[in-house]
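A.B. asks: Below, each chain spelled out in residue letters.
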Amino acid sequence: MIKFGNAAIRNSYFERAIRDDGSRDYKRYRISLMGAGEIESKVKLDHRVIINRLPKGETTLPSEKKETYIVFSKHLREELPFELRHVYDDLVSKMADEWVPTILREEKEVIERIYGVRAKIRPHQIYMGENGYLRGKWEIRVQGKEAFNKMVKQLDSARDEEGDIKG
Amino acid sequence: MSLETIVKMIEAEFKDGKKKQIGSKELIKMLQERGFEYEDVDEALDEAKRRKIIELDSGFYKWIDPSIREAEKAKTQRYYDMLAEIYEGGKIEFFTEEEVKAALKERGLDDEEAAHILGIAERDFLDFYADTLGSTKKLVAGCSWIPPEERASYADAEKESNRSFKKWLEKKMMQGDY
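Residue numbers (my numbering), protein chains in the order written: chain B, 1 to 167; chain Z, 1001 to 1178.
Simulated from the structure, these hints should not be mistaken for lab results. Idealized CB from N, CA, C, for every residue including glycine. Where hints are given, some of them may not hold.
Partner residues aside, some chain Z positions facing chain B, computed with beta carbon under 8 Å [said to hold, decoys possible]: (1) 1014; (2) 1024; (3) 1056; (4) 1083; (5) 1095; (6) 1115; (7) 1118; (8) 1140; (9) 1151; (10) 1164; (11) 1165; (12) 1169; (13) 1175.
From the derived model, a few chain B residues whose C-beta atoms are all more than 10 Å from chain Z [claimed, not checked]: (14) 4; (15) 5; (16) 10; (17) 23; (18) 46; (19) 49; (20) 51; (21) 81; (22) 132; (23) 155; (24) 158.
If you want the footprint, here are the derived chain B segments under chain Z, 3+ residues with CB under 8 Å [claimed, not checked]: (25) 30 to 43; (26) 64 to 75; (27) 90 to 101; (28) 111 to 125; (29) 135 to 148.
Assemble the whole structure, with the sequences as input and the hints as a guide.
C.D. replies: Now the structure itself:
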């Protein structure tokens, strides 16, 4: 995360970051920036118990290694028996605030400040890497026609200056 | 294959109600083994729940008898009406989850029902995220009302977001970042 530098430098940083780790959805007026962080050291045993119980998506790498992930949603709690649902609620709540990586919090703040838009943070997935090592994934999102256009205009000015477009 | 095809497959698994319930993981695995991606299966299960063909409870998908499906839809609509009232038809943009639950409880629902409604509402009605409130910079989990005319677009965007997240994850893993 860029902590120093003027607005133009920060704008270039975000233009690049969104290109690498995010997306622009022109049809639905949405800009996303994705980020991840470890949660292995934060989850408690009861969190892990329910993570193991929940259904998971699976992705196969070119190496043929399979990785699994849980896509967060409220209705997932109904996968669980009544007595475990409060643990899921606690997990979701911690993913939504306490466990959000500092870098993402800072990026949200800077986006709001330099682009004059509102940015939301959404917990998105829990990903189980090798040996069951847990990472959380979050999305910073700017949405709505006005906010989207405002931000895109500034982001494109960074590309223009770098020569990517007009070059 | 289309979403409709997967929904019909899900329905067929219950053999017109002769089978009353199927384990969630079992049903998902069975559909994945037929070549569907997890995201497509998840979306089809959501649609089957929306149509009140099945409901999820304690890790099992349970068959809903066709004779009570319209009544179940009406019940869900009543929940949506309550949320519309709480958000004053969109005039209030953001509530913390605790505030929404408290407002539902004021309307006679218990904790479990309130949490259940938020689960249903997430599919079509409310946008869940964390935002900073006031000057504290503390993130608070909450939700916004999705205006009716934007719901289809939100659903599409969520679907797209899940797919791009998966691609991003694969890219990161290939780059050795994870």
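A.B. asks: Which of the stated hints cannot be reconciled with the structure, identified by number in ascending sequence?
C.D. replies: Of the numbered hints, 1, 4, 5, 9, 13, 17 and 21 do not hold.
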